[in-house]
Amino acid sequence: MTLHPMGIELLQLILLPLLAPAFAGWVKIVKCRMQGRTAPGILQPYRDIRRLFNKDVVLADNASWIFRVTPYLAFGVTLMTAGIIPLISVDLPLAATADIIALVMLFAIVRFFTALAGMDIGTAFGGMGSSREMMISSLAEPAMLMAIFTVSLASSSTSLPQMVSVMANGHFMIRPSLAFSLIAFILIALAETGRIPVDNPATHLELTMIHEAMILEYSGRYLALIEWAGMMKLMVFFSLGIAAFLPWGIAGSGEPLSLLLRGLYFVAKLAVGGVVMVLIETGLAKMRIFRLPEYLGSAFLLATLGMIAFFILE
Amino acid sequence: MSTELVIQLNTLLAAMILLTSFALLVQRRMFAILHIFAWQGFFLGLSTAVIGFATGEHHLYISSLLTLVMKVILLPYILYTLIHKLKIHREIESVMNTPATMLAGIGLVIFSYHLTAPVRQLSTLMTRSTLAVALATVMLGLLMMVTRRHAVSQIIGFLAMENGLFFAATSATYGMPMVVELGVALDLLIAAFIFGIFFFHINTTFDSLDVDQMAKLKETD
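Protein sequences, first through last, are from chains A and B. Following my numbering, the residues of the first sequence are numbered contiguously, the last one being 329. Following my numbering, the residues of the second sequence are numbered contiguously, the last one being 310.
Pulled a few chain B residues facing chain A out of the computed Cβ check, cut under 10 Å:
1) 107
2) 187
3) 219
4) 222
5) 225
So the derived list for chain B, only partly shown, Cβ under 8 Å to chain A, looks like this:
6) 97
7) 103
8) 104
9) 188
10) 191
11) 195
12) 198
13) 221
What the hints contain is simulated information worked out from the structure, not anything from laboratory work. Even glycine gets a Cβ: it sits at the ideal position worked out from N, Cα and C.
Kindly produce the complete structure, drawing on both the sequences and the hints.
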């Protein structure tokens, strides 16, 4: 018995929202261990989300439709990315509808509306958070595209499943270009998901928060959706990194047993990736915001070097 | 070890040399610059040894050893003691537009790629593709000398240029004759001593190693 590709597609769409809070919980557990604190359980993010869903929404009087739509939009668009990123299979029918550039644009849509929603209420923090977020993303986005393009060049396609199957089936080669773009991708992923050298997800200190400042006015189910979307985004970035740079074991047939095996493999890769991220986060201090252009500039430099190395050396 | 793997290894080392050149370009702390310079020498020596192994040119082992001793141990050590004696190890270079410098560096890399394209087409050596990196390293060293104001980092830019020339020699012709290489190594060593003497003089005369100070004609502001 084999599962229809559309079925696998559906499976991925269910897998992402279900697994994302657990992954966020895992990251938190590893981080607590690293810092010598007692960790909450891996189920804590699920409990947080349920608690927020049960709470009432407090809405400002002057909130417009943008403010109310944004949480649903952020959640829905982030969920959509699970349809085109190969998590457990490369045989994705929906992947033909959007390639890697469209994927970056999907993230941009979420960011655009979150930034608008941050300014919508008119509080000072929201506007500050939005302007900071836009500054970071305007620098991170070109670097992200450059890093991904290097992988596209190496596999001569911009369609993600195609890239993955070429990369996974190619014979082993030492490729400095991919190493450079992997480092660039990690730097950008830390910036885009608001992790430590760029933003601190655990703080609500006025001077340092970026993402948290934008969503400060949200409460109840809106906040639950936004937080959930944030967790999903973290996992999507990890999946993207795994798919583009460590694709071994993703491709395969649609048999349930093989699918299960690949699912476990994927979860194992995620878990290791989470530990690596926590190691990076624990080793670094948060940067001053005006040092960020330099940080993202070096990410862009690395991505470009990767591309140049591809042309010059390979 | 197959030829294919050797070429890939050499490519990787070339990429690392390029990366260290960029790191030198943007690093501001004195000791970090020194460390990166030592790493660049290390990759250079390793790459020379790899080429020597692949081509069977055994004199390359000697120049590899020479590079490792000179550029990883001796020169960084001399500069290290200098920095310590002049008490500038805490110094951080002042304003430098890092993103613009990086972009200029990327431009230089592309320029050297174009410049070496004819050579690459004519050459049959297995190291022909790294020639562009070698030329880029020379140009990035030059760029470092132009953008920096501190005498010590300018010297390191100069030494990085020499690294690039050495790498160009190994990738274009499998290395210069032994006599030339020994001569260059001796020259470098003597240059390092002369730099040291100059640093002391500049430091005692101007109380700083910032070369902008030398542009002043009057002794008082």
